[in-house]
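> Letter by letter, the chains look like this.
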Amino acid sequence: MSGPMADDATDTDGRRSGRRRWAELPLAMAMLAPAAVILGVFVVYPLARAMWLGQQRCDNFGNDCVSNGIEQYVDVFRSVEFQNALGVTLQFAAITVPFGVILGVGLAVLADKYLRGIGAFRAVFSSTVATSVAVASLMWLFLLQPSVGVLANVSWFSELFPTVKDPGWLQDPSTALWAVAASSVWANLGFTFILVTAGLQGIPRDLHEAAAVDGAGGIRRFWSITVPMLGPTLLFVMIVTVTRAFQAYGEIDLLTGGGPQPDNPTTTIPYFIYGQNSPIRNDVGLQAATAVLLFLLLLGISALQLVGVGRRVHYGD
Amino acid sequence: MTPTRRSRVDVAQSVRTLFTRTAVLVLAGVVAGACSSGESILTIGQEDAVSTTTAAVAPPSTDASGSTIAPTSTVAPTTTQAPLAEFGDCPVEALDGADGPVGITFWHGLGNDLENALIALTDEYNASQDRVVVDLQNQTSYDSAIDKYIQSSQDGRPNVIQFPEYTLQSFAQSGTLIPVEACIQASGYDTAPFLDRALDAYTFEGIGWAMPFNVSNPVLYYNRKVFEAAGLDPDDPPITLEELRAASQAIVDSGAATYGWVVDSGANSGGGWFLEQWFGRAGELYADNGNGRVAPATRVLYDDSTGVELLTFVQQMIADGLAVSVGDNSGGTDAFLKVADPVAPGAMTIGTSAAMGLVFSALGGGLIPGLTAEDVGVGPMPGPGEEIGAQVGGGSLWIVGEKGDEETAAAWDFIQFLVSAESQSEWAAATGYVPVRSDSVDIEPLASTYATDPRYKVPYDQLLTSVEGEASLSPVIGPQREVRVATANAVAAIFDGADVATSLADAAAQSNALIASYNQRN
Amino acid sequence: MATDLTLPIDGADDPDELGARAADGAATVDLGGRPERSRGFDEPTGLRRVGRYGLLAAVVAIVVFPIYTTLIAALKPGDKVFDNPLVPDAFTLDVIRAAWTAGNLDRYLINSLIVATIVTVCQLVTSVLAAYAFAILRFPGRTLIFFLFTATLLVPAEAIMVVNRDTVDSLGWLNTFQGLSVPFLATAFGIFLLRQVFLTLPRDLLDAAAIDGVGHFGFMRHVAVPLVRPTLGALALFSFLGTWNQYLWPNLVITEQDMNTVQSGLRILQASIANEPNLVMAGTVIAALPIFIALLVFQRQLVRGLTAGAVKG
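Just so you know, the protein sequences line up as chains A, B and C, in that order. Position in the first sequence (first residue = 1) + 2 = the working numbering. Position in the second sequence (first residue = 1) + 219 = the working numbering. Position in the third sequence (first residue = 1) + 29 = the working numbering.
These aren't lab readings, by the way, just hints derived from the structure by calculation.
Covered by chain C, according to a simulated footprint, are these stretches of chain B (three or more residues, beta-carbon under 8 Å):
no.	segment
1	326-333
2	361-375
Every beta carbon over 12 Å from chain A, so not counted as near; a handful from chain C, in silico:
no.	residue
3	D123
4	I125
5	D135
6	L142
7	F206
8	L256
Facing chain A, according to a computed beta carbon distance under 8 Å, are these residues of chain B, among others:
no.	residue
9	S255
10	G257
11	I260
12	L261
13	S389
14	S484
15	G546
16	V562
17	E701
18	A707
19	N708
20	A709
21	A712
The beta-carbon is built from N, C-alpha and C at its ideal position, and this holds for glycine as well.
Excised from the complex, chain A in its bound form:
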């Protein structure tokens, strides 16, 4: 009788032997085909093509391309503009990741108590997961705009912080990136909160109870029990937040347009590739080279995180 497993002559390892190995291959290929085609055409091919384009310089319309070899990648990496964008991106990640994780954990721990109506509080804390980048950025633009914005028009606030009105936190080079980061952290708060709450609810309460009986206070228990047990969750949160920080585009497009001139303190690498005021905006070759460099950068950082932090993550009980 034919069927999925009818021909399954498996040995002790579960591996199939002889010509049975190939029996399910056609079916597997057929089932993998749709995903393979999409991923191949729209992920693998563009990456390969970008790698090829990245060592060329073309005219404004993408024609008449001249190959410059792998040195172009090194030159792009070492150029002033890319180094600036790299610095900004790293700074942006350095602000949003710690703050995002700390605030998410803080809120989750705060709401992790048996209280009447705690569900409503939790719902509010997770509400920002429903805001898109565009929505969150516009809300914050309205807050921070120096003339028509909310904070600038609340008299006691603008007296306390005169720079919110003149020149405005988004226009002042020293505060612009922080303002954009605040918007980004706020937008990601809901997501982080949900994840950490899930993690917290997975920590067995008897651990806490036992430690409390032994005399450990709240803070001690937090660092000795909660944080280690949150390991996998925190790792995931960190990976996601770091990836998002390196892909920050929409916030910058809507809030600062790349940053107050002349230093462009909010031009991250994605904004450097696609942004309105970018010098390489119509240069396909340089755009591709920067994009590939971004890919390599993210690859390296993901590797670092998994290897460096992952080792210390506590699995199981």
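With the hints as your guide, set chains B and C onto chain A.
Okay, now just chains B and C, sitting in the frame of chain A:
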């Protein structure tokens, strides 16, 4: 004998090793490249970035008073002009043979009330005839329209597109558009009523590439109530730089406003465009080869003594508290909002005349309490020299090539409508743009508008009275957008207090590198 | 490395229940519930209770502040926008109505809905098929091919968008729903997730189906997919949300206003923030509202979707 199956653990192990090695590689790369080369990304792949170009103009000399004299060209004034036919035909008759209405698309980059006026005009055109149906597509901004155009394949491009004046060279050289002059000649269109300045502004290498449509230039917006409170005549705004400074001093001294003059360092306003305009008013060249009009520009000239003088003047006013900078004005309205600021306002700002309608309607809608549309005065742009004057700015209409005879003819038909005397009269009255032809001024509704509200007439007068000369046309540079951004960076630094000469020299070097890179690749 | 993480799932000691819950491969998070077993321990009383409520309220005020001010601005008529940004004094729905029509947001919402639906459905289909192949079928090179598929997760969207735009353009799919959705019709994340869940299906089920003579497709349709419905729901919501929130891709691919999605429509609105801020805020409210409502309705699935990758190591 069956081989042992590689367990999942081994695969995971090799993944880990792969990741570790990649991480080490990336780190090594970072360390290796950590010392920035200090070079701009734009000079990559250049053999000799500062190329010895065929200098068509000798470097300017300075006379005793410090202003530069435009030298006589060492090459014949007109470059070898390629025959018009090379750039594409304009089959203006093709529309007669079409069966059924021809649909064309028109991309523009206007917003708010300007967009509304354009929609009204387009609807009027569509309703008035049945040979052509125009589909209007708003691309949000000029930059967006430019980007989308460049990125699209020819099929994805529209039939008619509106480009700003600073893209003349790059699109003329793109080979994807048909010069409007081909249509003008093929149909025998009468361009006599047109303002010569407007047509010349869009002529590159002797060929008229685009049809001027929405002409604007910078004007001075000021708060009349503040002028009165400071004892200044609100009907006599400052015209020269000295008057500007004196007026600001009076305003600040009287306490009628905190600052006299609001400036910004945006690329298409205070940091780039206005500087080009000031050079035009001073009669100085901004770029070589006759502002890029005699032959393609190879370098910029704005880091000379004129540029240093002008920007030192502004920097000094800021330092003395007479002027304030609102930054790079990425929103486009920051300078205006500073004039309307309730706490620490400025009294005057230079802005594009195209914003007039927006300013009046926003104030008329009660946006700023205590400030109505009548309180805003509009005067000519203050600048160097004694006479007012401005270069043509704004946008123009281009015809996209390879679209088929019928669509090309339809595009030309539409363009003719948009620059007809009646349309330009309507358009100018609704928006504050300058009509591109002088006969529109006598037609309703513009005639009444100019009669009842002379503020609308300011940019028009300013354009007509401009002195003729080598610098009366705006500079044409290949990568003009990018050059403006580089200049704006320098201006922003100068407003912050940086040394003027050094900042300008750096910006000029960057601009020259941009131009060299462009010329090499295009 | 393949230590499966077994967590005591919230409130359940029952092994059957554990097995059932583990089958969906993700933790369930009780956003509205309480940790049952340690009520006494975790329940603050008296002063601590008041303090905790106070702290919570303060944090809520800060978190909600941007949403609050946006709502106020969206409901105020134009001439009152700067008067009192913190206190709702005037109230009118006209601004929202204006943003809906003049801002073309009704059209954009429909476009976003269509694109998100297309992408979600296709992602589910391709992910189920591929995950089934990786989890249930046996063929040489299976592990390697799976690794290759997963490797595509490492490629950031920004790196490939320019080339994708050219591809879509050469297919003639600019300004179409196909163009907006086609690069995202398959995702390695969905394959990864579903494979994990399919792997937890007991082998006996498969063998039983084999004996009954049911082919793979039948098994998939009638047994495997229904069993993993919670994960499918989570993935669906995750895909929908992700596609709805896309900002860069629609901006690249759309040149016709009518085909804009909500997010790129917001970008058009942003240009007017200085002269009509309340209109822009009204547009933001309209754009955000559908997802807020969806979050309330599909809370459980959303949380499941977001935590799917997190708790398991």
